[in-house]
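Student: Chains C and E supply the protein sequences, listed in that same order. Numbered per the working numbering, the first sequence spans residues -11 to 246. Numbered per the working numbering, the second sequence spans residues -11 to 246.
No lab work stands behind these hints: they were computed from the structure. Be a bit skeptical, because a hint or two may be false.
One copy or any two copies: either way a pair holds, since identical chains are not told apart in the list.
In silico SDA-like cross-links for lysine to any residue, where the CA-CA straight-line distance does not exceed 20 Å [claimed, not checked]:
no.	residue 1	residue 2
1	Lys(-7)	Thr130
2	Lys(-7)	Gly160
3	Lys(-7)	Ile210
4	Lys78	Thr118
5	Lys(-7)	Pro68
6	Lys50	Arg116
7	Lys(-7)	Ala161
8	Lys(-7)	Asn106
9	Lys78	Gln125
10	Lys189	His104
11	Lys51	Leu(-2)
12	Lys51	Pro27
13	Lys50	Glu26
14	Lys50	Val22
15	Lys(-7)	Pro208
16	Lys189	Asp139
17	Lys(-7)	Leu192
18	Lys(-7)	Arg212
19	Lys(-7)	Lys189
20	Lys(-7)	Phe200
21	Lys78	Glu184
Quick caveat, the model's predicted, so the values are computed rather than measured.
There are 2 protein chains.
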Amino acid sequence: MSDRKLIRLLLEHDLAAGANVMLAEAQAHYVIHVMRVEPGASVLVFNGRDGEWTATVQRVGKKGCTVALHNQTRAQIPEPDVWLAFAPLKRARIDMLVEKATELGAAALLPVFTQHTNAERINLERLRATAIEAAEQCERLTVPRIEPAVDFQQLLARWPTTRSLLVLDETGAGVPIAAALAQTASLPCGFLVGPEGGFTKSELDALTQLAFVTRVGLGPRILRAETAALAALVAWQSLVGDWRSSPQSPLAKSPLAP
Amino acid sequence: MSDRKLIRLLLEHDLAAGANVMLAEAQAHYVIHVMRVEPGASVLVFNGRDGEWTATVQRVGKKGCTVALHNQTRAQIPEPDVWLAFAPLKRARIDMLVEKATELGAAALLPVFTQHTNAERINLERLRATAIEAAEQCERLTVPRIEPAVDFQQLLARWPTTRSLLVLDETGAGVPIAAALAQTASLPCGFLVGPEGGFTKSELDALTQLAFVTRVGLGPRILRAETAALAALVAWQSLVGDWRSSPQSPLAKSPLAP
Chain C
-11 MSDRKLIRLL LEHDLAAGAN VMLAEAQAHY VIHVMRVEPG ASVLVFNGRD
39 GEWTATVQRV GKKGCTVALH NQTRAQIPEP DVWLAFAPLK RARIDMLVEK
89 ATELGAAALL PVFTQHTNAE RINLERLRAT AIEAAEQCER LTVPRIEPAV
139 DFQQLLARWP TTRSLLVLDE TGAGVPIAAA LAQTASLPCG FLVGPEGGFT
189 KSELDALTQL AFVTRVGLGP RILRAETAAL AALVAWQSLV GDWRSSPQSP
239 LAKSPLAP
Chain E
-11 MSDRKLIRLL LEHDLAAGAN VMLAEAQAHY VIHVMRVEPG ASVLVFNGRD
39 GEWTATVQRV GKKGCTVALH NQTRAQIPEP DVWLAFAPLK RARIDMLVEK
89 ATELGAAALL PVFTQHTNAE RINLERLRAT AIEAAEQCER LTVPRIEPAV
139 DFQQLLARWP TTRSLLVLDE TGAGVPIAAA LAQTASLPCG FLVGPEGGFT
189 KSELDALTQL AFVTRVGLGP RILRAETAAL AALVAWQSLV GDWRSSPQSP
239 LAKSPLAP
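Let the hints inform the model, and build the full structure from the sequences given.
Tutor: What follows is the structure, given as structure tokens:
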């Protein structure tokens, strides 16, 4: 992270040269009082659809703030399509999971209540705010979609049958993740990580009966749930996703390519 | 994580059938008052050298506690030899880094002060306690070695020239990590992750002149320092380390194998 990089802001408004966007009150407060952006200073803005633009901050009255758009700095490009379904965790760990999953490029986060899940409810609004802040900081052009929580049966019933579901399996019976990714690299993909208490036998049985499910292993140590979730995203990005090329180096041949 | 798994304790003492080990006062307090282990209950113990053993907790006086060893449950086996050098971070993030690096099987953690490092000192004792707790929970047979902090020049001067050093490079000029690991898979390996402010130009120049250094990239998003560190360890374990086989599934062919 450069120490001189510009503040980035997620907007809802369409972005185009000359657009002048009034910020919502909370965002204006964040820009003026938290980030202490001076009037006339440059920021970067994005909305998940129209790429990234330079803009200038302007004050309106005591509390208001607008941004005036100038030039597009990056075009919107397709982003990796990997989903993460996870059993909700206690506050500090679920916040960390959402922050890191955003940095690691997850397209969608799907909270799912399993039988051993400890958390009783989740605060979607807080998780969305965490994802937006992480997306602003990590220079993503989108924010991951965070779905309302569903229960385990609903998740499986609604899962698209054309998307492979790699279930992080701590029983030791899973396929090593690099091998599993090599087998499924051509398909859209999602991961499912269970709670600290693990999946129940009936849950594992239900998963094993589904053609789109592969049980995958992450080595001999027992990872915490959030570590396993992030590890899955890292392995996917390294082997299948957009970490296979560098902005300034030639596209490297994937080790998974034939 | 099974919800019925046994408490695991790191001991310093040699482990053998019939051994009876008096716990240090702080550990006895942890066992009796924090984990509320009842006298006569079973625990697992390890010391990083003699594998893992079952043992029975016994009380001695008001504050004392011994463990009586029975059977070895796992033999000591060689563990992955991957190092992580990192610029110290603020408290919550460095604690998280040490916890996760332990789960992810790092053999050694090497704090290094670079020019843009924000933290001024580190609490080695707290970090070692964090690593021990993580090793106990994740069922590791060892605890990562945490070295005293050195400055950037010392790190490079002392780095074994036969160990490849993969530097996490956020400038976009690095080789994609999977490709870099494919090139260096036969060598011992370590990673270096810089501070939030990045490496300075002179630091990057110094790194580039070393034959054992490869600059590696982790995709187009700007990862926080601790995310980058954990991502490097995950990629290494998936492609080179002990995640390539599962305890209960046949050794999978590595995508890096010729």
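Student: Take the hints in turn and mark each one as holding or not.
Tutor: Comparing the hints with the structure gives:
1. When the C-alpha separation of Lys(-7) and Thr130 is checked against a cutoff of 20 Å, the pair qualifies only within one copy, where the shortest distance is 18 Å, while the shortest distance between copies is 41 Å.
2. Within a single copy, Lys(-7) and Gly160 get their C-alpha atoms only as close as 44 Å, which misses the 20 Å cut-off; across copies the closest is 15 Å, which meets it.
3. With identical chains, the CA atoms of Lys(-7) and Ile210 are at most 20 Å apart between copies only, with a shortest distance of 11 Å across copies and 38 Å within one.
4. Within a single copy, Lys78 and Thr118 get their C-alpha atoms as close as 15 Å, and across copies as close as 19 Å, so both meet the 20 Å cut-off.
5. Proximity of Lys(-7) to Pro68 under the C-alpha cut-off of 20 Å is found in neither arrangement, the shortest distances being 24 Å within a copy and 37 Å between copies.
6. In this assembly of identical chains, the alpha carbons of Lys50 and Arg116 never lie at most 20 Å apart, being 28 Å within a copy and 50 Å across copies at closest.
7. Taking CA atoms no more than 20 Å apart as the test, Lys(-7) paired with Ala161 passes between copies only; the shortest distance there is 18 Å, against 45 Å inside one copy.
8. For the identical chains of this complex, Lys(-7) and Asn106 are inter-copy neighbours only, at 17 Å across copies versus 40 Å inside a copy, given an alpha-carbon limit of 20 Å.
9. Taking the closest pair of Cα atoms, Lys78 and Gln125 come within 20 Å of each other only across two copies (17 Å); inside a single copy the shortest separation is 24 Å, beyond that limit.
10. For a Cα distance limit of 20 Å, the shortest separation of Lys189 from His104 inside one copy, 11 Å, qualifies, whereas the shortest one across copies, 50 Å, does not.
11. For the identical chains of this complex, Lys51 and Leu(-2) are intra-copy neighbours only, at 19 Å inside a copy versus 56 Å across copies, given an alpha-carbon limit of 20 Å.
12. Taking identical chains as interchangeable, the C-alpha atoms of Lys51 and Pro27 lie at most 20 Å apart only when both belong to the same chain, with a minimum of 12 Å there against 63 Å between chains.
13. For the identical chains of this complex, Lys50 and Glu26 are intra-copy neighbours only, at 14 Å inside a copy versus 63 Å across copies, given an alpha-carbon limit of 20 Å.
14. Proximity of Lys50 and Val22 under a CA criterion of 20 Å is satisfied intra-copy only: 15 Å inside one chain copy versus 53 Å between copies.
15. With identical chains, the CA atoms of Lys(-7) and Pro208 are at most 20 Å apart between copies only, with a shortest distance of 15 Å across copies and 40 Å within one.
16. In this assembly of identical chains, Lys189 and Asp139 lie within 20 Å of each other by CA distance solely inside one copy; the values are 16 Å within and 51 Å between copies.
17. In this assembly of identical chains, Lys(-7) and Leu192 lie within 20 Å of each other by CA distance solely across copies; the values are 19 Å between and 46 Å within a copy.
18. For the homomeric pair Lys(-7) and Arg212, the shortest alpha-carbon distance between copies (14 Å) is at most 20 Å, but the shortest distance inside one copy (33 Å) is not.
19. Taking the shortest alpha-carbon separations for Lys(-7) and Lys189, only the inter-copy value of 16 Å comes in at or below 20 Å, while the best intra-copy value is 49 Å.
20. In this assembly of identical chains, the alpha carbons of Lys(-7) and Phe200 never lie at most 20 Å apart, being 42 Å within a copy and 31 Å across copies at closest.
21. Proximity of Lys78 and Glu184 under a CA criterion of 20 Å is satisfied intra-copy only: 10 Å inside one chain copy versus 27 Å between copies.
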